[in-house]
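Trainee: What follows is the residue order along each chain.
Protein chains: 6
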Amino acid sequence: METWLTTLITKTPQEGFELAIKLARMGVKYTQPSAEVRDRLRPAYAENADSLTMASQVVALNFQTVAAANNYWR
Amino acid sequence: METWLTTLITKTPQEGFELAIKLARMGVKYTQPSAEVRDRLRPAYAENADSLTMASQVVALNFQTVAAANNYWR
Amino acid sequence: METWLTTLITKTPQEGFELAIKLARMGVKYTQPSAEVRDRLRPAYAENADSLTMASQVVALNFQTVAAANNYWR
Amino acid sequence: METWLTTLITKTPQEGFELAIKLARMGVKYTQPSAEVRDRLRPAYAENADSLTMASQVVALNFQTVAAANNYWR
Amino acid sequence: METWLTTLITKTPQEGFELAIKLARMGVKYTQPSAEVRDRLRPAYAENADSLTMASQVVALNFQTVAAANNYWR
Amino acid sequence: METWLTTLITKTPQEGFELAIKLARMGVKYTQPSAEVRDRLRPAYAENADSLTMASQVVALNFQTVAAANNYWR
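Protein chains in written order, with the numbering used here: chain P, 1 to 74; chain W, 101 to 174; chain E, 201 to 274; chain G, 301 to 374; chain Y, 401 to 474; chain V, 501 to 574.
This is chain P alone, in the form it adopts within the complex (with noise of 0.2 Å):
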């Protein structure tokens, strides 16, 4: 695997909660390698709203190690 996280500290809030979905991404990707079958899975997964939800509670989870990462950004 090529380098992708070098740090987990960020300039703003959001720049954290897009890369709180990029680890949540990553997290897949490490599973499923393939991105042929990960573009395949997408649409039906994308129109499922349990599926978002869960996708959000993971983005969550990687949110809160940013944040305390970057000390709330306070």
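Hints are computed from structural coordinates only; laboratory data are not their basis.
Each residue gets a CB set at the ideal place from its N, CA and C atoms; glycine is no exception.
A few of these clues could be false.
[As the list claims (entries may be wrong)] For the chain P half of the interface with chain W, some residues (derived, Cβ under 8 Å), not all of them:
#1 Glu2
#2 Leu5
#3 Gln14
#4 Phe17
#5 Ala35
#6 Pro43
#7 Ala44
#8 Asp50
#9 Ser56
#10 Val59
#11 Phe63
#12 Tyr72
#13 Trp73
#14 Arg74
[To be verified] Incomplete in silico selection of chain P near chain W, CB under 10 Å:
#15 Thr3
#16 Lys29
#17 Ala49
Assemble chains W, E, G, Y and V onto chain P, guided by the hints.
Mentor: Leaving out everything else, chains W, E, G, Y and V in the frame of chain P:
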């Protein structure tokens, strides 16, 4: 994506809770950017008890982050 | 939304637990504002063991926040 | 609701774990106050592996809270 | 219940991880005390990918607690 | 079980994320020690969007632990 999150600091716990709700919704929006699709999914979802509990769970996780950022409004 | 949350500080752990329950319910209420719909969903939900466990999970997450806010009532 | 929780402090980690179990059960009890209904749900629930794992998850979340309250019994 | 947990302190991270597994299993055992029932549930459960992921999630939550108790073995 | 975890400290956040993935997998391995069974479960699992999200969730929880252990690589 336009700027939507510039700080985790809120004046009151209730504003913090409402920010947590926004974070939960943005976690969905980044995965499903189409407002049309999200609106279509909402009715069934909002009438399913387990879906509502799952939504409340994501809010709880984000509220942990926002509350910590605000030093729990102590 | 009227004011419903002005502090996370409670006198006792039990009051803190009951605040956590309130937070869990408000997480639902923001998504499904209709009391009529929520009341309609309750019977089936309250007789499903997994639904009850999920509800208890959201309470546990919110209780983590409230307990930390109160420095664990030490 | 009568008084059932006056402190999160316990003498040993095991008592803390058992308090976490109590918290998990009280999270259910506040949603389903009827002992008759809870007893009726128990048999099927206690023979379903995923239900048991979910129960253990709620205990784990509450044990995080209790352990922190006790400074991990260090 | 006999004494099974006297400390969260372990000599190594791996022993801490194994304690987290024990905590996850004890969370189940308090809900389903019958070893006979638990053994009967195991085969199907151990061959279901989502059940295994859920089990790993409970371990992760308990490992958070054990790792914090040990100051992350730093 | 042979030694597989001697430290939570990693040189970079990415190595920490990869350790979190290892922890998630070991959480499964302790429950299902058979590599043959795990390999058999993988194809269906890796093509199910919700299973992948659940896997990413466990990684997120373990990454919280590893990141805290490393003081967020600040």
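Trainee: Run every hint past the structure and note whether it holds.
Mentor: For each hint, the structure was consulted:
1. Glu2: violated (23 Å)
2. Leu5: violated (18 Å)
3. Gln14: OK, holds: Gln14 of chain P within 8 Å of chain W, min 4 Å.
4. Phe17: holds (6 Å)
5. Ala35: violated (16 Å)
6. Pro43: violated (10 Å)
7. Ala44: It is violated, given that the least Cβ distance between Ala44 of chain P and chain W is near 12 Å, above 8 Å.
8. Asp50: Since chain W brings a Cβ to about 6 Å from Asp50 of chain P, closer than 8 Å, the hint holds.
9. Ser56: This hint holds: Ser56 of chain P lies near chain W, its Cβ roughly 3 Å from the closest one there, short of 8 Å.
10. Val59: With a minimum Cβ separation of about 4 Å from chain W (threshold 8 Å), the hint on Val59 of chain P holds.
11. Phe63: holds (6 Å)
12. Tyr72: holds (4 Å)
13. Trp73: Trp73 of chain P check passes; min Cβ-Cβ to chain W is 6 Å, inside 8 Å.
14. Arg74: Holds: closest Cβ of chain W sits about 7 Å from Arg74 of chain P, inside 8 Å.
15. Thr3: This hint is violated: Thr3 of chain P lies away from chain W, its Cβ roughly 23 Å from the closest one there, beyond 10 Å.
16. Lys29: With Cβ-Cβ at 15 Å, over 10 Å, it is violated.
17. Ala49: With a closest approach of 4 Å, the Ala49 of chain P hint holds.
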